[in-house]
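**Q** One-letter residues, chain by chain:
Protein chains: 2
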Amino acid sequence: MITIKDVARVAGVSPSTVSRVVRGEGKVGKVCRAKVQKVIDELGYRPNINAQALVNQKSNTLGVIMPNVSMSFFGALACGAEQAAKEQNYRVVISNAFGSEKAEMEAIDSLMQHRCDAIVMHSAHASDEVLCKLADKIPGLVFINRFIPQIPNRCVWLDNNLGAQEAARYILSKGHIDIAVITREVMNSDAKLRFEGIKTALNSAGVSLNETNVGRRDADMAGGRAAVRELISNGVKFSAVLVYNDNMAIGVIHELHACGIQVPQDVSVIGFDDLLISVACLPQLTTMHYPVEEMASYAAKLAIELSENSISSGRTHLFMPHLVERGSVIEATAIETEIG
Amino acid sequence: MITIKDVARVAGVSPSTVSRVVRGEGKVGKVCRAKVQKVIDELGYRPNINAQALVNQKSNTLGVIMPNVSMSFFGALACGAEQAAKEQNYRVVISNAFGSEKAEMEAIDSLMQHRCDAIVMHSAHASDEVLCKLADKIPGLVFINRFIPQIPNRCVWLDNNLGAQEAARYILSKGHIDIAVITREVMNSDAKLRFEGIKTALNSAGVSLNETNVGRRDADMAGGRAAVRELISNGVKFSAVLVYNDNMAIGVIHELHACGIQVPQDVSVIGFDDLLISVACLPQLTTMHYPVEEMASYAAKLAIELSENSISSGRTHLFMPHLVERGSVIEATAIETEIG
DNA sequence: GTGAAAGCGCTAACAC
DNA sequence: GTGTTAGCGCTTTCAC
Numbered sequence: 001m002i003t004i005k006d007v008a009r010v011a012g013v014s015p016s017t018v019s020r021v022v023r024g025e026g027k028v029g030k031v032c033r034a035k036v037q038k039v040i041d042e043l044g045y046r047p048n049i050n051a052q053a054l055v056n057q058k059s060n061t062l063g064v065i066m067p068n069v070s071m072s073f074f075g076a077l078a079c080g081a082e083q084a085a086k087e088q089n090y091r092v093v094i095s096n097a098f099g100s101e102k103a104e105m106e107a108i109d110s111l112m113q114h115r116c117d118a119i120v121m122h123s124a125h126a127s128d129e130v131l132c133k134l135a136d137k138i139p140g141l142v143f144i145n146r147f148i149p150q151i152p153n154r155c156v157w158l159d160n161n162l163g164a165q166e167a168a169r170y171i172l173s174k175g176h177i178d179i180a181v182i183t184r185e186v187m188n189s190d191a192k193l194r195f196e197g198i199k200t201a202l203n204s205a206g207v208s209l210n211e212t213n214v215g216r217r218d219a220d221m222a223g224g225r226a227a228v229r230e231l232i233s234n235g236v237k238f239s240a241v242l243v244y245n246d247n248m249a250i251g252v253i254h255e256l257h258a259c260g261i262q263v264p265q266d267v268s269v270i271g272f273d274d275l276l277i278s279v280a281c282l283p284q285l286t287t288m289h290y291p292v293e294e295m296a297s298y299a300a301k302l303a304i305e306l307s308e309n310s311i312s313s314g315r316t317h318l319f320m321p322h323l324v325e326r327g328s329v330i331e332a333t334a335i336e337t338e339i340g
Numbered sequence: 001m002i003t004i005k006d007v008a009r010v011a012g013v014s015p016s017t018v019s020r021v022v023r024g025e026g027k028v029g030k031v032c033r034a035k036v037q038k039v040i041d042e043l044g045y046r047p048n049i050n051a052q053a054l055v056n057q058k059s060n061t062l063g064v065i066m067p068n069v070s071m072s073f074f075g076a077l078a079c080g081a082e083q084a085a086k087e088q089n090y091r092v093v094i095s096n097a098f099g100s101e102k103a104e105m106e107a108i109d110s111l112m113q114h115r116c117d118a119i120v121m122h123s124a125h126a127s128d129e130v131l132c133k134l135a136d137k138i139p140g141l142v143f144i145n146r147f148i149p150q151i152p153n154r155c156v157w158l159d160n161n162l163g164a165q166e167a168a169r170y171i172l173s174k175g176h177i178d179i180a181v182i183t184r185e186v187m188n189s190d191a192k193l194r195f196e197g198i199k200t201a202l203n204s205a206g207v208s209l210n211e212t213n214v215g216r217r218d219a220d221m222a223g224g225r226a227a228v229r230e231l232i233s234n235g236v237k238f239s240a241v242l243v244y245n246d247n248m249a250i251g252v253i254h255e256l257h258a259c260g261i262q263v264p265q266d267v268s269v270i271g272f273d274d275l276l277i278s279v280a281c282l283p284q285l286t287t288m289h290y291p292v293e294e295m296a297s298y299a300a301k302l303a304i305e306l307s308e309n310s311i312s313s314g315r316t317h318l319f320m321p322h323l324v325e326r327g328s329v330i331e332a333t334a335i336e337t338e339i340g
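The listed protein sequences derive, respectively, from chains A and B. For the first sequence, UniProt numbering assigns the number 1 to the initial residue and increments by one for each residue that follows. For the second sequence, UniProt numbering assigns the number 1 to the initial residue and increments by one for each residue that follows.
If you are wondering where the hints come from, they were derived from the structure by calculation, not from laboratory data. Here the structure is a predicted model, which means the values were calculated and not measured. There's no promise every hint is true.
The list treats identical chains as one, so a pair stands whether inside a single copy or across any two.
Said to hold, decoys possible - Here are the computed lysine-lysine pairs in the DSS-like style, where the Cα-Cα straight-line distance is at most 27 Å:
1. K38 / K27
2. K38 / K133
3. K86 / K58
4. K38 / K102
5. K137 / K86
6. K38 / K137
7. K86 / K102
8. K58 / K133
9. K5 / K133
All chains, full assembly: derive it from the sequences and hints.
**A** Written out as structure tokens, the structure is:
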């Protein structure tokens, strides 16, 4: 690998001069600059980022911590972060931290060791307290898809409650009254918020939600299937299902189909997240769009900004989901059969 | 950030000694080691990776270059690489390089600048020649999902031809004779190989494939839809469709559905790749499983190994796809209606 | 066994 | 304008 000294020697100048032209800062004579640039090009010189990081005490690195890149949601997250980072001349290092607070803390630790200036973290397992302490120690740390009241300016989050309300109101507007809700068994903050949003909307429309009408299972396709199956076998009567997320919703559609119940003719289904798969399903899933990429990109910029200026302005970073109408919801009046 | 000197000072030893205990190498007295370790723990000292990289001339970084992490296939790729890297105490930096050879070269450039020792690259746009030169310059560079004859030991690839043959034979074994093929318009190496595999299997079964029975479009859902639509409007008669990949296959299923043709009752459809979405579709897609994660993990290990030893053994790294039977293919005899 | 010293590639004062 | 020097945090001879 060719170094700054090599360039300096060949160009017949000092390393400082080369450094100046590379960074485009400081005074350098016009002809001298041209000469040096020529040598740089000829030799294909690239500054050693590690050396730069060492001397500058910053590494221009954005760390992204999340459960698993291979899951569509997190892939989109990583992608959004990468785009924003690239614009600011940051590289991004990905750290999967799946399943436990321990894994998450190890990821942070490793990123710190690399002197990551900025970090975007999707934490599912650490407590607010732990995260607050972390945020306190690391100025460039930003949380995505999570709201921590003590550090609102460090959180880039989605209004799950309002989103769920919108979904519910949409279903109501379609004339549905017999409504089932499927949520996740372990109620994390998202699940609580979305569930409450649904209840709020239903209540204010004068539609009551009986606990017998809510299914609770794992937040994946299998969970969705199991949840509706139980609802059906319990004799619950419904013409529409509000589902916690797209994965579960797809499961719901599949199970309904297996039971000979057609979506949307017999039952309408609405999801949440707008994952890639929602469009692969037949019928395509009507769902609430979660602007992951935009949020991730925003979070990345925020993290970088915070790491550089540490100005922790009081502004909040709240995003709104919006409805995407596809094929899984229709008017209740159009329903021919009703199960139950 | 606390440095090796801080630890040395507090522990009352020299930096060299601290370095020895941190790395667990070299002779250190037992009590001395314990004392130093204690200070390390108390102070929460973490070696600065940038400094290590600088002095060791290696950064323990694995670079992953691909079009776009947010696409399910590449997410899985990144994930496989990350897992393998973590095991070897490497960090992974992701670089999206979408759409052009230029973008790919810039990604390489940036990774070199970071002194990445090992790189796993998914190149869609660079030529074999360019890639060969690169491989020559960078010992730890490995290509995934691509076979370059001149450097077989640097390529981790899938036998697309045999996979396609298997898919075709499977369809034949189900009694289908009227077969349509949908491939991509711009025939990259994968597309050619898969198409030839299909022809090989069909030929040796004495089934001829007329060019009128092949649709060529973009390799996405919309392309799949457009391709069958054309086939149908051209009056082509078929009871099964062999599709280039899952995305197109899903599009095919959707379009067929829109035309009132049922899958698999009227027409069987088989895909290739086994993306996450293949299971979201209804019916779930029968397809050839592409072991991306295993391959990526293997490629990561290979890249790291090559970067460390540069022993470029002559072995090849060929993987095999395998059939995953789900719901989109049935016996031809079971077909009630045949379109055309 | 342990420490002193040099140097990895770069930048940032400070001279000239 | 340009060069000299010191030093970022670490590892690695080489003395002792």
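**Q** Run every hint past the structure and note whether it holds.
**A** Verification of the hints:
1. K38 / K27: within (18 Å within a copy, 49 Å between copies)
2. K38 / K133: between (50 Å within a copy, 23 Å between copies)
3. K86 / K58: both (16 Å within a copy, 23 Å between copies)
4. K38 / K102: between (51 Å within a copy, 21 Å between copies)
5. K137 / K86: both (25 Å within a copy, 25 Å between copies)
6. K38 / K137: Classified as between: cross-chain Cα gap 22 Å, same-chain 44 Å, threshold 27 Å.
7. K86 / K102: Cα proximity of K86 and K102: across copies only (15 Å, versus 30 Å in one copy).
8. K58 / K133: within (22 Å within a copy, 33 Å between copies)
9. K5 / K133: between (43 Å within a copy, 26 Å between copies)
In terms of the numbered hints stated before, the structure departs from none.
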